[in-house]
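Kindly produce the complete structure, drawing on both the sequences and the hints.
Residues per chain, in single letters:
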Amino acid sequence: MRRKAALAAGLALVLAITACGGGGNGGNGGTAEFNAADTSIVNASTKAGGTLNLALNDDWDSIDPGNTYYGFAWDFARFYGRALTMFKPAPGTAGLEVVPDLATGLGEFTDGGRTVTYKLRPNVKFEDGTPVTSKDVKYAVARTYARDVLPNGPTYFVDLLDAGDYPGPYQQPDLNQFTGIQTPDDLTVVFKLKAPFGDFDYLAANPQTIPVPQAKDTGAKYQEHPMSTGSYKVDSYVPGKEFILSKNPNWDTSDTNRKQLLDKIDVKLKVNAEDIDNRLLAGSLDADLAGTGVQAAAQSRILSDPNLKKNADNSFTGRLWFFVMDEKVAPFDNIECRKAVQYATDKVALQTAFGGPIAGGEVATTMLPPNIVGYQKFDLYQTPEAKGDIAKAKEALAACGMPNGFSTKILLRSDRPKEVAAGEALQQALAKAGIQAEITGVPSGGYFTRFAGAPEYMHANNIGIAFHGWQADWPTGYGFLQQLVDGRTIKAQGNTNVQEMDLPAINALFDKAAASTDVAERTAIYGQIDRAAMEHASVVPFLYAKGLVYRNPQMTNVYIQYSYGIYDFSQVGKQ
Amino acid sequence: MGEPFLSVQDLRVQFQTDDGLVRSVDGLSFELRKQQTLGIVGESGSGKSVTSLAIMGLHKQARLSGQILLDGQDLISMAPDDIRRLRGKKMAMIFQDPLSSMHPFYTVGNQIIEAYQIHHAVSTKVARKHAIDMLGRVGIPRPEKRVDDYPHQFSGGMRQRAMIAMALSCDPELLIADEPTTALDVTVQAQILDLIRDLQRDFHTAVILITHDLGVVSEIADEILVMYAGRAVERASSDVLFTRPEHPYTWGLLGSLPRLDTEPTDRLLQIKGTPPSLINVPSGCPFHPRCPYAELNGERSYTSVPALKASESGHLVACHLPVETRHQLWETDIKPKLEGP
Amino acid sequence: MARFLVRRLAGAVLLLVITSMVTFAIFFIVPRLAGQTVDQLAAQYVGKDPSQAEIEATKEKLGLDKPIIVQYGQFIKGIVAGREFSFGPDTEYCPPPCFGYSFKTQRPVWPDLVDRVPVTFSLAIGAAVIWLITGVSIGVLSALKKGTIFDRFAMVIALAGVSLPIFFTGLLSLALFRPTGVNYVPFTSDPLGWASNLLLPWITLAFLYAALYARLTRAGMLETMTEDYIRTARAKGLRERKVVTRHALRATLTPILTIFGLDIGLLLGGAVLTESTFSLPGIGRYAIDAINNQDLPQVLGVTMLAAFFVVVASLVVDLLYAVADPRVRL
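Protein chains in written order, with my numbering: chain U, 1 to 575; chain C, 576 to 916; chain A, 917 to 1246.
Think of the hints as simulated: they come from the structure by calculation, not from any bench.
Since we're looking at a predicted model, the values are computed, not measured.
Backbone N, C-alpha and C define an ideal beta-carbon position, used for all residues, glycine too.
All clues given are correct.
Sample of chain A residues facing chain C (criterion: CB under 7 Å; computed from the structure):
{"hint": "1", "residue": "G1153"}
{"hint": "2", "residue": "H1163"}
{"hint": "3", "residue": "R1166"}
{"hint": "4", "residue": "P1242"}
{"hint": "5", "residue": "R1243"}
Right, here's the structure in full:
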């Protein structure tokens, strides 16, 4: 209980950031106006019935809750599955809070944070009426160890749990051999961690903890019919075509985290992006599931028409666009040379390259975007109007011993037009300070397996600068920053710490945050990590991504779920 | 013999092109009686084919003037659809290359049946019997089998026979044969000419035989018209023309005839130069730039156009040379060379 | 005729085998020539942050660790005799013709492809009917009225049709006439919905091809009308209308038939742009997605299917040509 009090205090802090909690009582939420769903519930209603029509430009990696790594998929999975925890169904930063879902409360940390215990709600059933037990949760996590069968999801449990070389249930069907989770009784799930991990409740919100009955698991083919514990069940899923859900009759109606207003949910897959926009504006679609923002044509239509604009939101997506300087590639081994680039960079030009303030986002000065727990506003390398400061850049160059500048290379994904435009803008800005940068374009497929994410490639080709974009797996400083600036995550392939920043002080801060069970303390540490990383000057954040998204006015109970940066589909209904 | 069946008076056929006005036929007149054969001879571009197409009404882009009376009806002033009704029925035509002149995708029989049914409202069965009949009459063996063959399955001579069968299927009163033997082997040529002559007798058809080869018409034509640059330069009965031709161009044509005893290079009377442009026809006598005797006439050669005048009954010549000179030149200069040593 | 068929069928099979080899080689050898290791290939099939152990497991599962010849052999064996694939607890038999399992969607390739055939068929056949009728009639009229305002106007439109890309005309027509987008409905479940949804894709696709065919037909007609046999037909006294339809058009259309058959074959292999633009779940979309996902079994399957359609179309065209043109002997 003491721990819970501390948690409540931390939550109060988080809530203080938000002007309004949004109420969430369904009484009188926000009315339809521009950006209303960013911080309030639009069209609050309890009206039942109707079909939610969604579309996706792409497709799921897998609809199997244990085998997916897309933000929208995690948002959407809550329709047909209940993880141990979930993000609070509320608008604004309140949505960053974790609340229990399948569990009755948040994790109980014992053994110095190495043991985390959840109690399951009784009376939760699978769609076929079978009761959900702790074994189903254990099995769900255990199967994510079979990376050859279910390769897509994150590996946090594999990395954190104390399970030895457990190969997954397909090679080792005896769950007693999986020591990472214990199930003392049917309603208790005990996670055994190798080391403390303060953000564990956030990990528990991942659909990987959505229970899976071992008897029904067909491995990679489980996605053909995942057993639902949510308010909807899968009727059919045809890759590349459509995904249809209907009401789950065995849903536990005491569940207050999600609603069951709709009769049916219909997601069309692989729909042309312009086509999605057209259908949205015509009202035959309710929302773009991916929520990455409308295309340029629809954007100008929406912004120029007040009747359309009032149904649009311009919200942070949680993604940060930045570029890094590889500290192992000369002359960026010298911090002054890195600072020269920090000052020379014209962030407004980069913002323009990415689509300007609406479609692109806000100029960034920190690594943590504003909708991440731990965000603090600061700017270590302030320049006039964020357009770069050549004088300061030249000072730094002089301090670096290269008053006449130097030559380097910019690595980017040549099949991403915005990135190419940004690369050229950066090239021009750097040239003003005397830094000659040559652009090296590579395909985005394999960017992190062969190019930017392969330090050997960076060194061998003398790539000083590389473009990068990042979205957190869960919305805390740990979830966002650990893969980017923790020196221990550097690897030969699939490396996302592209600048190869390995500072003992920062690494220690991550351990400290992981070990802390105090939300306020953790939140403060994330701010410190952000600042320390920025002081090291090898990362240049330039854009907190935003997207212009459109909601059908027919949709009720709409708001942006900050944790995913898209609409919270677990709550919506139709008028 | 009565009235001529076909009477062409002062026919002019002109085409407007980007380069200027082409006078393909320039004031041509002739008559043809029933069952008679007229040979029209000239080099390519002399206007002989254009004349035949003008009679058939197949020249859409051309400007026609003068008069073409067929059985008393003026074809030039006639409505296009009325001429169409006459085509195939009253006048028919066969062409130089029988392969390209038949539709490759339809059987020979089919094409004859079509021709017959245009002018006769009969069942296909009847038309088909007629087609087999016609094929038999033009000397195609086993016509009841060959009727279902495609043109490419026929030999060249057989194909021309089939074309003739098609042309004669509606029993026309006038048959125009435009270089009917040019594309054929020498041996086959004679057979085709014989066939035309025989059929002409059977069908009582008037025939216009167009050729560049005087040898072809010598055996078959009653009367011969020699054309040069869209005009008639000499017209006479076949006998007269071969025994005492008077126009230097005709002499040239006679000299160009291949003979068994001479190599082509040994021809004695080749016509020098090339046929004239029909856009800029030489002034005066159109033939004067190529005529070996033009100097004898002084400046008249290139100032005045010689009229077609009778030198004897039924023998018309358009030449500035005095009649006596022409006779003398023929007897002393040309004839001996043609007859050879 | 029988000999011709046997020869052509053997050729078709050989062609398909070569196609499979080339496609196989492109997706297996070329990345390696470009310096990609087997590990990196396998890493594409694992999620974020692949560990070496996961890569090894994936390599083994996909058979990437085996020599290319063996992999190709397995592929061919799958087509002829079927194959077994492991999905964790399940082992699934993939009956012939097994074009492999997609590593990304965890589904066999063949049924998915077959599933998409009706969409592409509907699109291609519907559009073909429209473009053949409009293209040929405009081409004929243009040729007969050569040089008139109609001809000039039609040819300018045709030039536009040939030049404007599908995604431009497609998106424009969508925005103008059907902002709600199109949804493919199977003909069997709702013929009216099928037609009304496909109308716009049909017209858009047909616009491009009609333009092409109008130009082809016009050029062909102009040439045919100067043929000797047209003069013969007129000399027979045939009405001009019949000269055009029975003689000229017949000869003009025969070579167009060849192009038409091959175009249909190509389209059946996937009307990539049209299907993408209108979000139709056909073979073309499948191909694009397969390539984007670097999903080799899907790419192989769709390439083989497309090649199959082209081969069949050219065979059919050859046979039809022999029927249409008696000069062609088989």
